[in-house]
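Enquirer: The chain contents come next:
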Amino acid sequence: MNPLAVTVAGVAFPSPLVLASGVMGLSASSLKRVADAGAGAVTTKSCGLEERKGHPCPSILPFEHGLLNAVGLANPGVEEMAREIAEFQARSPIPVIASIFGRTEAEFGEAAARLLALVRPALLEINVSCPNVSSEFGQPFAADAAACARITSLVKARADGVPVAVKLSLMCPSIAQTAKACAAAGADAITAINSVGPGMLIDPHVRRPILANQVGGLSGGAILPLAVRAVWEIARAVPLPIIGTGGVTRPEDALQLILAGATAVGIGTGIYTCGLEVFGRINAFLTDWLAREGLRSLDALRGAAHHPPPAEARHG
Amino acid sequence: MNPLAVTVAGVAFPSPLVLASGVMGLSASSLKRVADAGAGAVTTKSCGLEERKGHPCPSILPFEHGLLNAVGLANPGVEEMAREIAEFQARSPIPVIASIFGRTEAEFGEAAARLLALVRPALLEINVSCPNVSSEFGQPFAADAAACARITSLVKARADGVPVAVKLSLMCPSIAQTAKACAAAGADAITAINSVGPGMLIDPHVRRPILANQVGGLSGGAILPLAVRAVWEIARAVPLPIIGTGGVTRPEDALQLILAGATAVGIGTGIYTCGLEVFGRINAFLTDWLAREGLRSLDALRGAAHHPPPAEARHG
Amino acid sequence: MADVMQTVPILEVIAHQAGLKTLVLPRILDAAPGQFVTIWVPGVDEKPFAVSGDDLETIQITVKAVGPFTRRLLECRPGERIGLRGPFGRGFTLMPDSLLIGGGIGNAPLRLLAQRLTERGLRYTWLVGARRAADLPFLSDLQRHPAVRLFTDDGSVGRPGSVMAGWTDALTASPTPPRLVCGAGPEPMLLAVREAARLHRLPVELSFERYMKCGIGLCGQCCLDGSGLRLCVEGPILTEEQMQSVTEWGLPHRGPSGRRPAATPPASRP
Amino acid sequence: MADVMQTVPILEVIAHQAGLKTLVLPRILDAAPGQFVTIWVPGVDEKPFAVSGDDLETIQITVKAVGPFTRRLLECRPGERIGLRGPFGRGFTLMPDSLLIGGGIGNAPLRLLAQRLTERGLRYTWLVGARRAADLPFLSDLQRHPAVRLFTDDGSVGRPGSVMAGWTDALTASPTPPRLVCGAGPEPMLLAVREAARLHRLPVELSFERYMKCGIGLCGQCCLDGSGLRLCVEGPILTEEQMQSVTEWGLPHRGPSGRRPAATPPASRP
Ligand SMILES: Cc1cc2nc3c(=O)[nH]c(=O)nc-3n(C[C@H](O)[C@H](O)[C@H](O)COP(=O)(O)OP(=O)(O)OC[C@H]3O[C@@H](n4cnc5c(N)ncnc54)[C@H](O)[C@@H]3O)c2cc1C
Ligand SMILES: Cc1cc2nc3c(=O)[nH]c(=O)nc-3n(C[C@H](O)[C@H](O)[C@H](O)COP(=O)(O)OP(=O)(O)OC[C@H]3O[C@@H](n4cnc5c(N)ncnc54)[C@H](O)[C@@H]3O)c2cc1C
Ligand SMILES: Cc1cc2nc3c(=O)[nH]c(=O)nc-3n(C[C@H](O)[C@H](O)[C@H](O)COP(=O)(O)O)c2cc1C
Ligand SMILES: Cc1cc2nc3c(=O)[nH]c(=O)nc-3n(C[C@H](O)[C@H](O)[C@H](O)COP(=O)(O)O)c2cc1C
Ligand code: FES
Ligand code: FES
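Chains as they are written, first to last, in numbering that gives the first Met the number 0: chain A, 0 to 315; chain B, 0 to 315; chain C, 0 to 269; chain D, 0 to 269.
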């Protein structure tokens, strides 16, 4: 038995490590490369109804403690992404998570339907961290628990039995309440967290924000404690499996998210900070850790930092 | 003329650098030490109606990218703090900012009145990032713009002409909207941002959150981009002077906040990362920078990263 | 961290031909030949460029105007500040008896390679090709360079014809075969070099281009179909072994959305 | 970063006297004599302790039960994990011909100092004082230690009387005055040592304690009135010059809220 195997919403992942959306996620070959590096599941770049070139560059800006990104939801469109997913599935047994977004609530449902008409990913992930074009302040859907719940229902209705994960942002009144709303609306899993902020960095010489989009989401090492806390709260709030994501670079970081209650662990920026070896290294560490603690699976570690443990079992 | 002099709500600071609340802010001697190190103003630890020992330790937890703190509003009580402020004022010409908090809205007004009965600080700073004991989820006042506005009015009514700065948190629907609400309620300045999150770190061996309080606010380098963005948005929203705070460790960080629209720059965690020399070093850098750019004051830099600049002048 | 954006003043602008200039920048980073940097023109965009030369205090990039960004970049004056990140990717191996083959602006990275080989006293031959003289930077330097042989399609300088013709000559003229063939230029040329090198069983390292955004291996924009190599990290210089893992040779390149345009059907089809 | 919390298993617990033990921990950090670490008992609290000794693989802390935390800490068994951060603060200067004066648990940091002086072959005399034998860790080691002179108030071991008596003897007995006086112990004793050293114009370094939370100079908890010295960063070992900048000698210490309790009026006042 593979001690690292986990099950997220009925889908078996051979390792808890998941490629986070938006990183090396545009093509079948690139997803395959990450799967070969040791990911237990891979998530595509979020795709929407139409092809988008995204923002001009700089759209990804490393700084000392992580990076800012404002890629602007560049994506080839949902049909093209379906072709990449199909190619990936033909080439790899690793489950693929298709990430979708919309600019209105209805677009989420349509994106799901159009994608599923062409391909059947292992999971659908709903990226609600995109600006809601019909909101007054252009706020992301993620800031509004009711909107997240409505989108969850819409997508579930078109998902044809494919399990649905909702990817939450910390930038909301309460991530636990949002998770609850999504769970009530039928979500099968929660992914948390998306990048934080947004943030801005200014070049003092040219006196301008450096990102072409001025602001961008914060990811990487800087946000690890925020992700751990988010997973902790969500684990106490809902009995769903959690793909804990944010700031994982070292093996201990992944373990922290699992102890906080995550079933799987997303890695994005860590690929930049530590290279693709990050997957293999963390897998090896977790295998060792289980052996040293005399455990046969990650089950005993999941949520183990809670005293008392959160009420319900969250895996499966 | 001192090129670094700035004016915040009518109060002259000989340098834009301000000691942030909660750091080396419990005693006159410690505030004096920071003033001597080059701060242009010093903020006391937030004090409330009653003496509080705060949370058990670990209450301050450094990690790679900053630190988490959950000091639990330890403070000697407002009367004792008034004595420290009076002693500081007798020993230093540097303006002192008295930070106050309450557990209910009314307590803020009372804390202000009881403090001002004993001493007259240069500014009052309202720390709204403390949990509102009457809120359902124990949410901080800062998450609720209307509550922040009401507290601002209450304190202004008791402030006896002492200018009032409201210290905002990023953890709210829109920091710009909150700033607007506080400005409309009479705030004389905005301090932003308080620590972010909260976040959590777990020790994988003992499988427990490390902070005694489980969660704590994130500060230091990790949050710089979030502070820059917050200042940027507030500068566009309100014509008030801003004490931009969050993640400043290097001189360029301070400059970024000024270019985003800050009149003054708070430093907290930077004292840990860089030592007390951080004040002198940034002062020297800014003096040099002005000389090299042929500028006689920071006025021309303030908000200069905005194209076009935010409508109103924000200093004074 | 060199990946962090830093802005620097342009120290000097060397105009070569119309739409072809070299920007001289302060040496805030060290690049190996074949490595690239990204250049940010504030308010405009950020794009990748190979380092084409350096000295103790400067690095140089050589830019050909092909679209809005490069045109705007070539309007920049000395003193103007642009942003710089890098160096990114992996460069050419420094090997004695190298054969350098460049096409047009592809000669820019080879210039730094030639400089390094010269600095280390390693022998090399550099076949410089272009459609016409007006496509070549540092033309007079190249004409005086002892290791350089010039070719232009229109014969405006050097020998007339393709640089690939020079290739056969170079191989037959030299008593010992080159120990490494280093190429940079338009992709069809590179694929021809690869083919020829395979024929002669010569090791090759070729410099490719794809649409790039991050330069640090995250956005996935430059991943090559097949093995998913990230050209910005594992490239832009590829070995024969790396090239073999790629399945997209000859296909149109993915654009900024990640989509690959449909291959235009050959015009001759009825 | 050593300031980051790491948990380690307790390797060994050495019981000295009732309520007095030494915990042996893996050497994940190197402390100079006088420096301290903070010890976290998960689920309980975190408090400062001086390092009292080390060898190639371990460091030791010696703990006296005085309240809830220290009592809980002394219940920990080998194998149990506790958290460790540090080392914090500045230690003693290593000086030949030092005179060490310790009171009770204050002999813990002096033990590491004596160890380092011995390792470097530097001469020293160590006056070990306590109220009674039961207050002294490593008693049999101390009794056999050639440089140690023992004093207890009740005469249970060593010479009866205060360590300050031994001080005068030590000064008169030795042909050359000590080059540095290093003291650790209860504050009244330290202030007496300071006074005596001033009288004899001897340089001193004394180890003080204040309520501490962060250990890294941020919370302000341990700042001393006067110059605002942070005992956790600029201390806990203070020189005469540093002590002169402090105005709170003799006053009750600030508690965890930052408030200084009102001085209890001398009982004799009418
Ligand atoms: C590793 C690498 C090294 C390069 N070195 C040089 C060099 O030394 N000198 C030089 O002049 N040019 C170099 N280029 C090409 C240069 O980046 C493009 O010419 C430039 O980006 C064109 O932008 P534009 O707006 O002027 O043209 P556009 O009209 O936007 O595009 C013209 C063509 O340039 C290419 N291009 C556009 N944007 C990008 C991008 N973000 N990334 C990659 N290619 C793009 C596309 O093939 C496009 O068809 C290099 C490219 C890469 C990938
Ligand atoms: C730099 C330094 C080095 C020390 N080294 C040692 C040592 O080697 N061995 C040893 O046994 N003790 C040492 N102490 C003292 C030790 O920290 C306290 O005895 C312990 O914190 C008491 O906690 P408690 O809960 O058991 O007692 P409490 O009942 O909480 O307090 C008893 C007394 O201990 C002191 N104390 C309590 N909490 C703290 C705190 N957070 N920081 C500082 N003092 C506190 C107070 O003076 C208090 O009056 C050191 C203290 C400092 C500041
Ligand atoms: C360059 C980049 C692009 C991203 N694009 C997406 C996206 O398209 N959809 C999405 O849900 N999250 C996106 N994210 C967020 C990540 O999936 C992840 O939630 C976040 O970066 C935190 O994890 P990390 O610290 O491991 O990167 C992106 C992140 C980065 C760095
Ligand atoms: C140890 C610590 C204690 C703090 N206590 C307070 C406080 O009492 N009141 C307050 O308004 N902010 C408090 N803060 C927040 C800081 O004033 C500041 O807003 C925040 O730390 C971000 O700035 P920095 O990154 O420079 O530390 C505290 C921060 C730290 C690190
Ligand atoms: S340019 Fe982003 S992965 Fe290569
Ligand atoms: S213990 Fe916090 S400043 Fe010294």
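The reader is advised that the hints may include incorrect statements.
[Said to hold, decoys possible] Just so you have them, the derived chain D footprint on chain B, three or more residues with Cβ under 8 Å:
1. 14–28
2. 71–82
3. 199–211
4. 217–223
5. 284–298
[To be verified] A short list of chain C residues far from chain A (calculated; beta carbon distances all over 10 Å):
6. M4
7. I13
8. A17
9. G160
10. P202
11. S226
Calculated directly from the structure, the hints in this document are not laboratory data.
From the three backbone atoms N, C-alpha and C, an ideal C-beta is built for every residue, glycine too.
Enquirer: All the hints need checking, so say for each whether the structure fits it.
Expert: Results for each hint:
1. With 8 residues carrying a beta carbon less than 8 Å from a beta carbon of chain D, the region 14–28 of chain B meets the three-residue requirement, and the given coverage holds.
2. Evaluation of the coverage hint for the region 71–82 of chain B: fulfilled, as 5 residues show C-beta separations to chain D shorter than 8 Å, against a requirement of three.
3. Counting residues of the region 199–211 of chain B whose CB lies closer than 8 Å to any CB of chain D gives 7, so the stated coverage by that chain holds, three being the minimum.
4. Residue count for the region 217–223 of chain B with a Cβ under 8 Å from a Cβ of chain D: 0. That is fewer than the three needed, and the coverage hint is violated.
5. Counting residues of the region 284–298 of chain B whose C-beta lies closer than 8 Å to any C-beta of chain D gives 0; at least three are required, and the coverage claim is violated.
6. The beta carbon of M4 of chain C is not kept farther than 10 Å from every beta carbon of chain A, the shortest such distance being approximately 5 Å.
7. Here I13 of chain C stays apart from chain A, with its beta-carbon at least about 23 Å from theirs, past the 10 Å limit.
8. Taking the minimum C-beta to C-beta distance to chain A, about 26 Å, the non-interface status of A17 of chain C holds against the 10 Å cut.
9. Non-interface call for G160 of chain C relative to chain A: holds, since the shortest CB-CB distance, roughly 37 Å, exceeds 10 Å.
10. P202 of chain C, annotated as away from the interface, keeps every beta carbon of chain A farther than 10 Å; the closest lies near 24 Å.
11. At roughly 6 Å, the least C-beta separation between S226 of chain C and chain A is not larger than 10 Å, which violates its mark as non-interface.
Violation of the numbered hints given earlier is confined to hints 4, 5, 6, 11; the remaining hints are satisfied by the structure.
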